[in-house]
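Asks: Please work from the sequences and hints to get the whole structure.
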Amino acid sequence: MNRWLSVLPLIVLVALAALFIGWSLKRDPSIKPDALVGQPIPETVLPLLTGDQAGPGHLDLKTAGVGQPMLVNVFASWCAPCRVEHPALMALRARGVAVVGVAWKDEPVATRAFLDELGDPYSMVLVDREGRAGLDLGITGAPETFAVDAMGRVVAKFTGPLVDEAEIERLVAAIQAPARPLPTATSRDPGR
Numbered sequence: 000m001n002r003w004l005s006v007l008p009l010i011v012l013v014a015l016a017a018l019f020i021g022w023s024l025k026r027d028p029s030i031k032p033d034a035l036v037g038q039p040i041p042e043t044v045l046p047l048l049t050g051d052q053a054g055p056g057h058l059d060l061k062t063a064g065v066g067q068p069m070l071v072n073v074f075a076s077w078c079a080p081c082r083v084e085h086p087a088l089m090a091l092r093a094r095g096v097a098v099v100g101v102a103w104k105d106e107p108v109a110t111r112a113f114l115d116e117l118g119d120p121y122s123m124v125l126v127d128r129e130g131r132a133g134l135d136l137g138i139t140g141a142p143e144t145f146a147v148d149a150m151g152r153v154v155a156k157f158t159g160p161l162v163d164e165a166e167i168e169r170l171v172a173a174i175q176a177p178a179r180p181l182p183t184a185t186s187r188d189p190g191r
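Counting from 0, one number per residue, gives the positions in the sequence shown under numbering that gives the first Met the number 0.
Keep in mind that the hints were calculated from the coordinates and are not lab data. Please note that the accuracy of each hint is not assured.
[Unchecked claim] Mimicking EDC-like on lysine to aspartate or glutamate, the simulated pairs with C-alpha atoms at most 20 Å apart in a straight line are:
| id | residue 1 | residue 2 |
| --- | --- | --- |
| 1 | Lys-104 | Asp-115 |
| 2 | Lys-61 | Asp-135 |
| 3 | Lys-104 | Asp-119 |
| 4 | Lys-61 | Glu-42 |
| 5 | Lys-104 | Asp-135 |
Replies: Structure follows, in structure tokens:
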């Protein structure tokens with residue numbers, strides 16, 4: 000009996016490994032959860048990048064667009080794919096598309112050097128040194144881009160570097176879609 004009890008943990012471990020292997024073989028790694036799509040963008044308050052410093056001003060992601068549609072691009076100076084997507088972000092700025100940058104787990108001095116070297120495609124940059132906005136947005140890494148409509152709702156998301164023209168146009172079209180009308184109260188005349 001004692002011999003079987005000593006082997007039981009090994010049997011459980013082998014069974015769990017078999018379940019994990021079976022699950023991972025059926026899983027499609029290209030499908031990423033887009034939990035925020037259709038939801039309001041989190042109201043995470045972050046310092047603004049001012050020169051090569053964080054602050055003194057602070058702003059939350061929700062009001063960063065000031066009632067206008069925007070793309071929110073999570074990037075970092077140490078991120079090689081962020082360098083690859085940078086020309087596409089510069090082209091978006093040239094087209095007049097508002098892109099708000101979130102410098103994720105990056106030092107403000109390094110962020111400023113990155114933008115000085117490659118150009119600054121952002122209407123503003125928020126500093127997320129500790130990765131708090133990354134957690135609130137549910138990102139898996141940098142870069143990730145969120146399309147946010149004028150009402151502050153995430154309408155599309157892309158994980159990875161923006162290099163595919165069709166993907167860029169999908170995000171831009173998502174923020175340019177007409178906003179749903181606000182509900183209005185109907186007035187009722189009590190005399191009728």
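Asks: Now look at each hint and say whether the structure bears it out.
Replies: Here is what the structure says about each hint:
1. Lys-104 x Asp-115: Holds - the C-alpha atoms of Asp-115 and Lys-104 are around 18 Å apart, at most 20 Å.
2. Lys-61 x Asp-135: holds (12 Å)
3. Lys-104 x Asp-119: holds (18 Å)
4. Lys-61 x Glu-42: holds (5 Å)
5. Lys-104 x Asp-135: Holds, at roughly 14 Å.
Hint compliance for this structure: every hint is met.
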